[in-house]
Amino acid sequence: MAGQSDPELSLFSAEELEFIAEDEIVDIVPNLKMGPLNFISGDFGPFIPQIVAQVPLWLAVALKKRGKCSICPPQWMCVEKLTQVLEAERNSQEMSEQLPFHYVEISRLLFDHANDDISDAYMVRSLIEDIRDVRFHKVETDLEAFNGRTIAVKIKNLSAMEVNIVRPFIGRALQAFYKHDSPELIPDPERVPDRRPQVVQNAPRRQLRR
Amino acid sequence: MASSSMEGSMPTMDEYEALLSTTDVELLKRAWRSEKAAPEILRYDFDLVGRVTEQLQLMEETVEEKSTSGADPLSLSLYQMDLDRTLFLLRSYLRIRIQKIEKYMFHIRKSDELWNRLSKGEKDFASRCIDDLKQHLEESVLSKLPENYQSVEKQSVISEEDDMVPEPRLDTFVLCRSKEYLSGIQLEDGPVDDRSKLFEMEPGVLYFICYKSIKPLVESGKIDLL
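Chains A and G are the protein sequences, given in the same order.
Each residue of the first sequence is one higher than the one before, counting from 1222 in this note's numbering.
Each residue of the second sequence is one higher than the one before, counting from 331 in this note's numbering.
Check before you lean on any hint, since a few could be wrong.
List time: in silico DSS-like cross-link candidates among lysine-lysine, alpha-carbon distance up to 30 Å [said to hold, decoys possible]: (1) G:Lys474 <-> G:Lys366; (2) G:Lys545 <-> A:Lys1375; (3) G:Lys509 <-> A:Lys1302; (4) G:Lys453 <-> G:Lys359; (5) G:Lys474 <-> A:Lys1400; (6) G:Lys359 <-> A:Lys1289; (7) G:Lys366 <-> A:Lys1359; (8) G:Lys552 <-> G:Lys433; (9) A:Lys1400 <-> G:Lys552; (10) G:Lys552 <-> G:Lys450; (11) A:Lys1375 <-> G:Lys552; (12) G:Lys359 <-> A:Lys1375; (13) G:Lys450 <-> A:Lys1400; (14) A:Lys1375 <-> G:Lys509; (15) G:Lys396 <-> A:Lys1285; (16) G:Lys552 <-> A:Lys1377; (17) A:Lys1286 <-> G:Lys440; (18) G:Lys430 <-> A:Lys1375; (19) G:Lys366 <-> A:Lys1375; (20) G:Lys396 <-> A:Lys1254; (21) A:Lys1359 <-> G:Lys509; (22) A:Lys1377 <-> G:Lys433; (23) G:Lys542 <-> A:Lys1377.
To be clear, the hints were calculated from the coordinates, so they are not data collected in a lab.
Using the sequences and the accompanying hints, generate a full structural model.
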C-alpha cells in the first residue's frame, strides 16, 4: 500500500529512499535476448547476450534475481577508488564529492542481490562501512557548530541516507533557535552579551541569591 | 511536455540522464518529493496527473493483452513492475495531498489561493469533510457550550481571528536544492540584523532554509524540495 511514512521519525522511510535510488542507471551484462522494453518510465533494451546495457537499478535487480544478467558494479565501487575516498574523508573536513548521492542505497542493493558480481566484496563492504562512519561523524561535529546566528545551513555533498537521518534533528534545532532568538522575545539585542535563549519577563528580574 | 525522443544511435549515459529527467515519471517523482517536504499544500499539477493516468491505463491494457496472447512471462512481469512503481508514486502523491487537506481543511477553505490549488475531486472531498466535521462538532460538543462559544472557527465571540483553525507552519525549515545559480533571495526571518542580507544558492548544493523565504521560488519550479 502506498502508505505514508511517519513524519515524526523522518520525512522519507528507508524503503522510500531505496525506491528513489532504484531509478539510478547501472550497467548490466544480460545473458538473454529480449526485445526493447517500452516502460512508462522510459525505453530500455533491446537486450543482446554479452552486450552491456544501461538500465535502472530496479530492473537490473529484477533481472539478476531471475538469473538473466550480471550487474557491473559502478566505477566508484571498487577497492582502489574506495580506499582513496576513505583517505580523503579522513584527511579533510569537507565531504568527498566522489560518491554519488545514493551511494548507501545502491551499495546495499548490490550487496544483497549481486554479491558475486563485485570483486572483493568483503573488502568493499567494510570500506563503505568505514566511509559511512567517518562521514557521519563529520556531520555530527558540524552540527555542533549551530548557534543562534544560523539561519540557513549549507551542506555540501551529503548523501541521501545521511540527509534523511539528520533532517528531523536539523529542522527542529533550527526551529528552536529561530523561536528563541526571535526579535519579539529579545527586548534589546545590543545588550545581550551571548546567545543564550531569552525568556520574556513581565515582572522585574529577581536577584538570585549568591 | 511529454517524454522527449532521442535521435541518432545508442544514447550515451548523459543523454540517458537527460531523457529520464524529462519523463512524466520523473516529473511525478519530483512533484511527490516536493509535496512531501512542503508544509502547505502545493498546486495540483492537472496536466501531469492526467497524462500519467492515461499512460497507466494504456499500459494496463497492454499488459492485459500481452498476458492473454501468451507473451514472454519475464517481460510481462517487468512491465507489471514498472506499472506498480508508477502507480505507487501516483497514489502516494494523492494520499499526501489528502492528508494535508484533512489536517488544514478549514484553513484551505478560507483562502482562495489555497482553494484553487486543489483538483475538482479534492475540492469535493474537502467540502464534504468540512460539512461532516462541522456537523459532528456541533452535535457532540458545540451545541452544549454556552452561546458565545459555539463557533467552529473561533474560540469565542470575542476572538478577533479564527483561532480554532489549524494553520500549516510556513516557517518550518526544509531541505532544498536549486538547479541553477540563484542570488538575491531575501531571508524573511531570522535575527534582525541578518534580515536584510541577501542569500544566494549555488546549483546542486543542499540547503536548509525557512520555507517562507523560498516559497515563490518553489512555486516557479526553480528550487526542488528534497
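Hints, verified against the model:
no., hint, in the structure
1, G:Lys474 <-> G:Lys366, "violated, 39 Å"
2, G:Lys545 <-> A:Lys1375, "holds, 18 Å"
3, G:Lys509 <-> A:Lys1302, "holds, 28 Å"
4, G:Lys453 <-> G:Lys359, "holds, 23 Å"
5, G:Lys474 <-> A:Lys1400, "violated, 37 Å"
6, G:Lys359 <-> A:Lys1289, "holds, 28 Å"
7, G:Lys366 <-> A:Lys1359, "holds, 27 Å"
8, G:Lys552 <-> G:Lys433, "holds, 27 Å"
9, A:Lys1400 <-> G:Lys552, "holds, 28 Å"
10, G:Lys552 <-> G:Lys450, "holds, 27 Å"
11, A:Lys1375 <-> G:Lys552, "holds, 18 Å"
12, G:Lys359 <-> A:Lys1375, "holds, 24 Å"
13, G:Lys450 <-> A:Lys1400, "violated, 38 Å"
14, A:Lys1375 <-> G:Lys509, "holds, 15 Å"
15, G:Lys396 <-> A:Lys1285, "holds, 23 Å"
16, G:Lys552 <-> A:Lys1377, "holds, 19 Å"
17, A:Lys1286 <-> G:Lys440, "violated, 53 Å"
18, G:Lys430 <-> A:Lys1375, "holds, 28 Å"
19, G:Lys366 <-> A:Lys1375, "holds, 21 Å"
20, G:Lys396 <-> A:Lys1254, "holds, 18 Å"
21, A:Lys1359 <-> G:Lys509, "holds, 26 Å"
22, A:Lys1377 <-> G:Lys433, "violated, 34 Å"
23, G:Lys542 <-> A:Lys1377, "holds, 22 Å"
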